[in-house]
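Participant: Read off the chains here:
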Amino acid sequence: MTAVTASRIVGARIAPTKDGPLGPLSAGWGAAVEVEVPLEPTPLEVQPSAYVRTAWADRKHGVTPSVRAAAAVAGGVLHVRLRWKALNPRPAITDNNVFADACAVLFPLDGKGAELATMGDAAHPVQAWHWRAGTAIPFVIQATGLGTVTRQAPPHGVSVEATWNADEWSVVFSRPLEEQGVPIRGGANVPIGIAVWQGALEERAGLKSHTPGWLTLEVPA
Amino acid sequence: MVFDLNKCLGCQSCSIACKTLWTDGPGMESMWWNIVNTMPGGGTPRDVFSHGGGYRDGQPVPGKFPAQREYGEAWDFDQQAVFSGSERIPLHPRERDGSTPSWGPNWDEDLGGGVYPDSFFFYLQQICANCSKPACLEACPREGLYRREEDGIILIDEERCNGYRFCAEACPYKRIYFNPRRAVAQKCIACYPRLEAGVAPACVRQCPGRVRHIDYMDNKEGHPHKLVNEWKVALPLRPDFGTEPNVFYVPPLAPSAFNEGGEFDDTKRRIPAEYLREMFGPGVDAALETIEREREKTTRGESSELMDILISRDWNDLMGPFTQNPAELIRPPVTR
Numbered sequence: 001m002t003a004v005t006a007s008r009i010v011g012a013r014i015a016p017t018k019d020g021p022l023g024p025l026s027a028g029w030g031a032a033v034e035v036e037v038p039l040e041p042t043p044l045e046v047q048p049s050a051y052v053r054t055a056w057a058d059r060k061h062g063v064t065p066s067v068r069a070a071a072a073v074a075g076g077v078l079h080v081r082l083r084w085k086a087l088n089p090r091p092a093i094t095d096n097n098v099f100a101d102a103c104a105v106l107f108p109l110d111g112k113g114a115e116l117a118t119m120g121d122a123a124h125p126v127q128a129w130h131w132r133a134g135t136a137i138p139f140v141i142q143a144t145g146l147g148t149v150t151r152q153a154p155p156h157g158v159s160v161e162a163t164w165n166a167d168e169w170s171v172v173f174s175r176p177l178e179e180q181g182v183p184i185r186g187g188a189n190v191p192i193g194i195a196v197w198q199g200a201l202e203e204r205a206g207l208k209s210h211t212p213g214w215l216t217l218e219v220p221a
Numbered sequence: 001m002v003f004d005l006n007k008c009l010g011c012q013s014c015s016i017a018c019k020t021l022w023t024d025g026p027g028m029e030s031m032w033w034n035i036v037n038t039m040p041g042g043g044t045p046r047d048v049f050s051h052g053g054g055y056r057d058g059q060p061v062p063g064k065f066p067a068q069r070e071y072g073e074a075w076d077f078d079q080q081a082v083f084s085g086s087e088r089i090p091l092h093p094r095e096r097d098g099s100t101p102s103w104g105p106n107w108d109e110d111l112g113g114g115v116y117p118d119s120f121f122f123y124l125q126q127i128c129a130n131c132s133k134p135a136c137l138e139a140c141p142r143e144g145l146y147r148r149e150e151d152g153i154i155l156i157d158e159e160r161c162n163g164y165r166f167c168a169e170a171c172p173y174k175r176i177y178f179n180p181r182r183a184v185a186q187k188c189i190a191c192y193p194r195l196e197a198g199v200a201p202a203c204v205r206q207c208p209g210r211v212r213h214i215d216y217m218d219n220k221e222g223h224p225h226k227l228v229n230e231w232k233v234a235l236p237l238r239p240d241f242g243t244e245p246n247v248f249y250v251p252p253l254a255p256s257a258f259n260e261g262g263e264f265d266d267t268k269r270r271i272p273a274e275y276l277r278e279m280f281g282p283g284v285d286a287a288l289e290t291i292e293r294e295r296e297k298t299t300r301g302e303s304s305e306l307m308d309i310l311i312s313r314d315w316n317d318l319m320g321p322f323t324q325n326p327a328e329l330i331r332p333p334v335t336r
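Chains as they are written, first to last, in our numbering: chain A, 1 to 221; chain B, 1 to 336.
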């Protein structure tokens with residue numbers, strides 16, 4: 001069921017499945033409330049390189065208008081599912097000029113204070129869980145501002161499962177609540193941002209669609 | 001570095017030296033950090049100088065990163081079918097998708113340009129030129145490339161690289177490759193581990209034609225300084241790209257063209273001046289005159305520092321301070 005509200009993702013508490021983390025097509029998602037989250041293109045003027053700003057001045061980017069998001073906790077594990085339509089799926093990097101579809105969820109690392117539009121700053125780092133089509137393990141990255149992204153080597157506790165279904169990607173990030181990193185505890189309201197890259201348009205790096213501000217992820221108690 | 005286009009045989013020893021040393025890892029099968037192509041010709045990738053990048057009037061020029069088959073893939077050859085099959089079939093390279101290749105490194109070898117009897121060509125070697133205004137480094141939004149302070153070599157930091165490939169788009173010479181297995185960009189590293197041990201880059205040391213000169217440009221006695229700044233016979237490739245490359249070329253001197261009567265026309269060389277100016281800039285005419293003048297001096301029995309430098313009778317003179325024999329790094333030579 002899709003609700004109109006787009007600033008909160010209310011997580012559902014559901015029974016754990018015996019097959020492990022909730023997959024994108026698991027029936028358990030029926031108990032969760034899925035919301036349609038509007039996205040905007042990242043502004044071109046803040047891209048950190050003059051080459052990108054010049055080369056993309058006349059090109060469209062950030063064309064994904066919205067993403068459907070839902071969250072659930074099952075067996076002490078948080079699952080966040082994103083679903084969006086890909087113009088022309090790019091399930092892997094298969095050539096020099098082919099870019100994979102991707103998505104990410106972003107959190108302030110200290111729970112507050114970080115600005116989403118700048119990917120945090122030196123005093124307010126952010127962490128993202130980033131999935132790129134064709135990879136089985138998500139990237140967990142930290143940033144303290146645009147262009148400062150650093151990758152955390154696995155194991156980092158986050159897993160991902162993705163499915164291409166007809167015309168849309170369905171991606172589920174999973175992480176045990178008690179895992180180190182972004183503090184996500186039962187009953188908490190956690191700021192969350194979402195980003196999507198359309199590989200068919202050669203979107204990558206800062207060229208993406210993103211939530212213009214933080215949403216609130218309500219973790220069930 | 002300086003490459004003398006009058007001496008290159010197109011033997012590809014440089015390409016193979018680099019390939020065997022650096023690009024034999026997973027995902028690197030198609031990479032040729034050093035290439036040698038016949039010019040005029042398509043180059044690597046096909047139509048090498050037509051994919052944008054670089055700068056114009058100080059502003060970055062949008063570029064493209066051509067698909068792998070425009071560079072040439074690491075082809076499969078069905079040796080089994082050739083040797084053991086029931087039909088007589090030639091050895092035939094196949095792309096990844098099984099199709100017949102339409103381009104590859106050195107694809108149009110020796111075809112050249114011009115109209116007979118004024119046909120002409122030369123071999124053009126290219127490596128990363130570690131440009132002083134590197135479009136690659138400046139294109140990366142996350143500082144995935146950096147320049148070494150000690151020698152100006154530009155390197156890709158594979159820890160920081162996220163495979164965005166803006167660098168590959170921005171390089172007007174298309175010397176940056178992409179490793180699909182590791183999703184990082186990779187390119188010529190100027191053999192910097194060898195340089196640190198006093199050993200010349202593999203492409204320099206392996207060259208049987210004594211084409212390549214290496215030294216620090218601020219060594220006033222070194223070949224690059226003399227050829228570029230004093231004799232002014234070594235020129236940048238496509239200076240109009242605006243990246244200020246630090247690999248320079250001694251342009252190819254060609255015989256006289258033929259006139260309509262089939263006799264030599266001493267007013268024209270077989271390689272058109274306009275073509276050489278496009279490739280090496282406006283300084284090429286004076287450079288060729290200097291080379292010809294100094295060559296004639298030695299023909300008359302006089303000495304010429306320029307000819308001595310370009311010939312380099314002692315091979316070690318080509319290598320500046322990098323004359324260490326790598327074979328003797330660990331095991332010193334036997335002395336009687």
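In short, the hints are calculated from the structure, not lab data. Treat each hint with caution, since some may be false.
Unchecked claim - Pair ranges (Cβ atoms, derived):
id: 1; chain 1: A; residue 1: 153; chain 2: B; residue 2: 114; range: 37 to 43 angstroms
id: 2; chain 1: B; residue 1: 324; chain 2: A; residue 2: 20; range: 52 to 58 angstroms
id: 3; chain 1: A; residue 1: 153; chain 2: B; residue 2: 150; range: 25 to 31 angstroms
id: 4; chain 1: B; residue 1: 101; chain 2: A; residue 2: 112; range: 54 to 60 angstroms
Virtual Cβ for every residue (Gly too), placed ideally from N, Cα, C.
Participant: Each of the hints needs a verdict: does it hold here or not?
Facilitator: Each hint, compared with the structure:
{"no.": "1", "hint": "A:153 x B:114: 37 to 43 angstroms", "result": "56 angstroms, violated"}
{"no.": "2", "hint": "B:324 x A:20: 52 to 58 angstroms", "result": "57 angstroms, holds"}
{"no.": "3", "hint": "A:153 x B:150: 25 to 31 angstroms", "result": "29 angstroms, holds"}
{"no.": "4", "hint": "B:101 x A:112: 54 to 60 angstroms", "result": "57 angstroms, holds"}
In this structure, the one hint that does not hold is number 1.
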